[in-house]
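Engineer: Now for the letters of each chain:
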Amino acid sequence: MISDATEVAARVDMVQIFIFGMMAFWFIACNAVLVYFMLRYRRKGPDDKVANIKGNHMLEIVWTVIPCILVLIIFYYGVVVWKDLRVPPEGEPVYEISVTGQKWSWSFKYPNGATTGNELIVPVGTNIKLNMKSADVIHSFFIPEFRVKEDVVPSQYTYMWFNAKYAGEYNIFCTEYCGKDHSHMLGKVKVLDADNWENWEKTGLMLGEEILPPLENGEKLFVKRGCKGCHSIDGVKLVGPTMLDAYGRSAAFDDGQSYTIDDNYIVESIKYPERHIVAGYPRGQMPSFDGQLSDSELSDIITYIKSIKSE
Amino acid sequence: MATENKEYSPYLEPKGFYNWFWTVDHKRIGLMYLYSILFFFLIAGLCALGVRAELFYPGEQIVDHHGYNVLFTLHGALMVFLFIVPGIPATLGNFLLPLMIGAKDVAFPRLNILSYWVYVLGALVVLGSLIGPPGSSWLDTGWTFYTPYSIESSTGVIPVTLGAFILGFASILTGMNFIVTIHRMRAPGMTWHRMPLFVWSLYSASLIQVLATPVVAITLLLLIMERLLGIGIFSAAMGGDPILFENMFWFYSHPVVYIMILPAMGVVAEILPVFARKPIFGYRAIAYSSLAIALVSFFVWGHHLFVSGMSNWSRWIFSLLTFAVAIPTAIKVFNWIGTLYKGSVSFESPMLYACGFIFLFTIAGLTGLPLATLATDVHLHDTYFVVAHFHYTMQGGTVVALVGGLHFWWPKIYGRMFNETVAQVGFWTLFIGFNATFIPQFIMGYQGMPRRYADYLGEFHDMHFLSSVGAMINGLAYFIIFGNLIWAVYKGKRASANPYGSLSLEWQTPSPPPLTNFDEVPTVTDWTYGYGDEQKA
Numbered sequence: 001m002i003s004d005a006t007e008v009a010a011r012v013d014m015v016q017i018f019i020f021g022m023m024a025f026w027f028i029a030c031n032a033v034l035v036y037f038m039l040r041y042r043r044k045g046p047d048d049k050v051a052n053i054k055g056n057h058m059l060e061i062v063w064t065v066i067p068c069i070l071v072l073i074i075f076y077y078g079v080v081v082w083k084d085l086r087v088p089p090e091g092e093p094v095y096e097i098s099v100t101g102q103k104w105s106w107s108f109k110y111p112n113g114a115t116t117g118n119e120l121i122v123p124v125g126t127n128i129k130l131n132m133k134s135a136d137v138i139h140s141f142f143i144p145e146f147r148v149k150e151d152v153v154p155s156q157y158t159y160m161w162f163n164a165k166y167a168g169e170y171n172i173f174c175t176e177y178c179g180k181d182h183s184h185m186l187g188k189v190k191v192l193d194a195d196n197w198e199n200w201e202k203t204g205l206m207l208g209e210e211i212l213p214p215l216e217n218g219e220k221l222f223v224k225r226g227c228k229g230c231h232s233i234d235g236v237k238l239v240g241p242t243m244l245d246a247y248g249r250s251a252a253f254d255d256g257q258s259y260t261i262d263d264n265y266i267v268e269s270i271k272y273p274e275r276h277i278v279a280g281y282p283r284g285q286m287p288s289f290d291g292q293l294s295d296s297e298l299s300d301i302i303t304y305i306k307s308i309k310s311e
Numbered sequence: 001m002a003t004e005n006k007e008y009s010p011y012l013e014p015k016g017f018y019n020w021f022w023t024v025d026h027k028r029i030g031l032m033y034l035y036s037i038l039f040f041f042l043i044a045g046l047c048a049l050g051v052r053a054e055l056f057y058p059g060e061q062i063v064d065h066h067g068y069n070v071l072f073t074l075h076g077a078l079m080v081f082l083f084i085v086p087g088i089p090a091t092l093g094n095f096l097l098p099l100m101i102g103a104k105d106v107a108f109p110r111l112n113i114l115s116y117w118v119y120v121l122g123a124l125v126v127l128g129s130l131i132g133p134p135g136s137s138w139l140d141t142g143w144t145f146y147t148p149y150s151i152e153s154s155t156g157v158i159p160v161t162l163g164a165f166i167l168g169f170a171s172i173l174t175g176m177n178f179i180v181t182i183h184r185m186r187a188p189g190m191t192w193h194r195m196p197l198f199v200w201s202l203y204s205a206s207l208i209q210v211l212a213t214p215v216v217a218i219t220l221l222l223l224i225m226e227r228l229l230g231i232g233i234f235s236a237a238m239g240g241d242p243i244l245f246e247n248m249f250w251f252y253s254h255p256v257v258y259i260m261i262l263p264a265m266g267v268v269a270e271i272l273p274v275f276a277r278k279p280i281f282g283y284r285a286i287a288y289s290s291l292a293i294a295l296v297s298f299f300v301w302g303h304h305l306f307v308s309g310m311s312n313w314s315r316w317i318f319s320l321l322t323f324a325v326a327i328p329t330a331i332k333v334f335n336w337i338g339t340l341y342k343g344s345v346s347f348e349s350p351m352l353y354a355c356g357f358i359f360l361f362t363i364a365g366l367t368g369l370p371l372a373t374l375a376t377d378v379h380l381h382d383t384y385f386v387v388a389h390f391h392y393t394m395q396g397g398t399v400v401a402l403v404g405g406l407h408f409w410w411p412k413i414y415g416r417m418f419n420e421t422v423a424q425v426g427f428w429t430l431f432i433g434f435n436a437t438f439i440p441q442f443i444m445g446y447q448g449m450p451r452r453y454a455d456y457l458g459e460f461h462d463m464h465f466l467s468s469v470g471a472m473i474n475g476l477a478y479f480i481i482f483g484n485l486i487w488a489v490y491k492g493k494r495a496s497a498n499p500y501g502s503l504s505l506e507w508q509t510p511s512p513p514p515l516t517n518f519d520e521v522p523t524v525t526d527w528t529y530g531y532g533d534e535q536k537a
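If you read the sequences in order, they're chains S and Z. Each step along the first sequence adds one to the number in full-length UniProt numbering, with nothing skipped, and position 247 is 247. Each step along the second sequence adds one to the number in full-length UniProt numbering, with nothing skipped, and position 112 is 112.
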């Protein structure tokens, strides 16, 4: 029950255990007395002697004051631990990563310019601060094992911080309802040990990981960046047009023009999706991925889209 | 019904649509409200069963993601706006308030029927959102309508919010009517401190209805204007602030929780002394704690925004204020339990519901503690832990009290008795099904399962499966319970004027009561809870 993933998470769980203990005590105390009275004073007959008790001032004072003191203790303990959960330790270096939430994927941008989708790559034992913003509706960034959560909103930056104790993988959930595929807006935190992190920061690869050929890398990006949530590869109409046989076909736009879908249109649609929308699809659905993908990644995605053919 | 007693004409006569629809009688209006809210309880309950059926297994089985989102939205919106807000006040409240204070009717009978018509209009407008294809026009925003999603969703946001806006007026009219009735219509001798506690709880809830509902009305109107005219209040794209919507929405929607629960507490306070044959313990403490809860309820909405990007100062201030609600709530629980002390307690079905309410409500209240605490709420926020917590207050609290109250006053309302054995079976089915549904939700919520998920990771399957099995039992219970009550209306044994031996005024008139409630205005000489007093016998 106690999370050991970060130092603060363990302290949050101590607060939780303290409160659970309090809850268990009062739950058992109240209901034990209730059930005892129910059994002890159950009706034996119409002539039962009944005490004419209307109340007791002393008792009222006691059971007002004691809960007051107890909730103040819980409140105080909660605020003290929450302050450390919320605010990164003062005077220590923090590694800052930008987070963007958009329907229905997460993207991360690192200080060295690298970007990832749905996978947050962080070094172990380092204070990580996430500066978060939404490209569309409200989302919420939740890492259960770290006991951290903060909404990701379009009108302002929000932040959270954590310091993972061990290398490993942890779930990321979106916890603010954001439309159709809210429940598939999932990600992973990958906490890397020092060697692996150094290598990833330099090359973008895990130790032992090979550079994927363009087609495979394109497919991987198509999934990880969340394209697949709205663009099917089997001809089914989702939020956006299917990618099946998309490349090379002539598409009518909603402004009356028509255009053959080529490399340039794909890049334009990824970076500036509002410029040309295929007729029959609503505007304002796709977020911009401008600045989130390198030229080489864009080219790999094009290679993949070209390959999605019905034959 | 006409065979028994020719000397008075019960309010249920004359029959016929015209006679009911144009009535200004508070008892008939209460019943029409009851039939209406139970209809929506059925629909919204079936939506909940649809949600739980889909969640038996991960992946898509019955509905796609949009279909799932529509189901939980309809469940929430219908339950909140059409069932549980009118809930106890508009049904039992309307029926009982004038009877309990010895009045012939509420202060403004015509405003009372207007409230019902406005409710029907609002309900029709909400249902209007279902015209059109489910895939693109059925509402999918959740009952909370968070912006900017509700601004850009292609579904029927406008009919539902407009409907909720209209329903707000029905709620305000009822609240205002009750406040004036309690101030002006009490029978001679019915002083404030002789009033039944149900009346005190209605009074407290009415204050919230009148003061908080206008805020949600403004909020929903602004949302409609945002969608129609793009005025840029809530839309970040136009420089608006979506968090402002959350603040305004919860400024109403947290106090509204107490519109739902306060009258439920009042019902329990009526049932306990009758079946314990003993005065209520701590009358004034219970009465004033209702008012205290109503007052404090206006200052705690920020706990819905603990992780929304609100300033760190606001977070801990709202945490402190939220804990303030715990005190009057705890006082009530202790006094209810104290009422049984040295009593002569019998366990007919209304009493089972009242004791069941106390048991379930202690869970509801205590699980609120880690949600009010900042350090722990960050983790629990928007998980199934919260879902379970508020269902313990809403279903375990309000619905259990409503059903218990219906069993208690059913003989008064229809002059007929239900089958006691079936009623007890119904209670235990509900009690077991309800706990089986929501205890697993506490566990998986603590493990990090987010709410409003159409699909989930395999690690949560066991708890989801258990919860879904529980939900089916929970659903079955209502068919037993209401089947029995409906049977009683037609086939039940005739009830005497006062089958439970209550001292409250509504039992001192025939069952069902005559149209004018009392033959002559009663004069009150003592408080309502004089059980065990020698002179009362």
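Heads up, some of the hints might be wrong.
As the list claims (entries may be wrong) - Once the Cα atoms are required to be at most 16 Å apart in a straight line, the calculated EDC-like pairs of lysine to aspartate or glutamate come out as:
1) S:190 - S:290
2) S:188 - S:145
3) S:271 - S:255
4) S:271 - S:234
5) S:133 - Z:420
6) S:190 - S:219
7) S:44 - Z:348
8) Z:342 - S:48
9) Z:342 - S:47
10) S:133 - S:92
11) S:54 - Z:348
12) S:237 - Z:64
13) Z:15 - Z:60
14) S:109 - S:96
15) S:44 - S:60
16) S:309 - S:169
17) S:190 - S:209
18) S:54 - S:84
The hints are simulated quantities; they were obtained by calculation from the structure and are not laboratory data.
Engineer: State for each hint whether it applies.
Structural biologist: Results of checking the hints against the structure:
no.: 1; hint: S:190 - S:290; verdict: 24 Å, violated
no.: 2; hint: S:188 - S:145; verdict: 11 Å, holds
no.: 3; hint: S:271 - S:255; verdict: 19 Å, violated
no.: 4; hint: S:271 - S:234; verdict: 24 Å, violated
no.: 5; hint: S:133 - Z:420; verdict: 58 Å, violated
no.: 6; hint: S:190 - S:219; verdict: 20 Å, violated
no.: 7; hint: S:44 - Z:348; verdict: 14 Å, holds
no.: 8; hint: Z:342 - S:48; verdict: 10 Å, holds
no.: 9; hint: Z:342 - S:47; verdict: 13 Å, holds
no.: 10; hint: S:133 - S:92; verdict: 24 Å, violated
no.: 11; hint: S:54 - Z:348; verdict: 23 Å, violated
no.: 12; hint: S:237 - Z:64; verdict: 14 Å, holds
no.: 13; hint: Z:15 - Z:60; verdict: 49 Å, violated
no.: 14; hint: S:109 - S:96; verdict: 9 Å, holds
no.: 15; hint: S:44 - S:60; verdict: 30 Å, violated
no.: 16; hint: S:309 - S:169; verdict: 35 Å, violated
no.: 17; hint: S:190 - S:209; verdict: 15 Å, holds
no.: 18; hint: S:54 - S:84; verdict: 48 Å, violated
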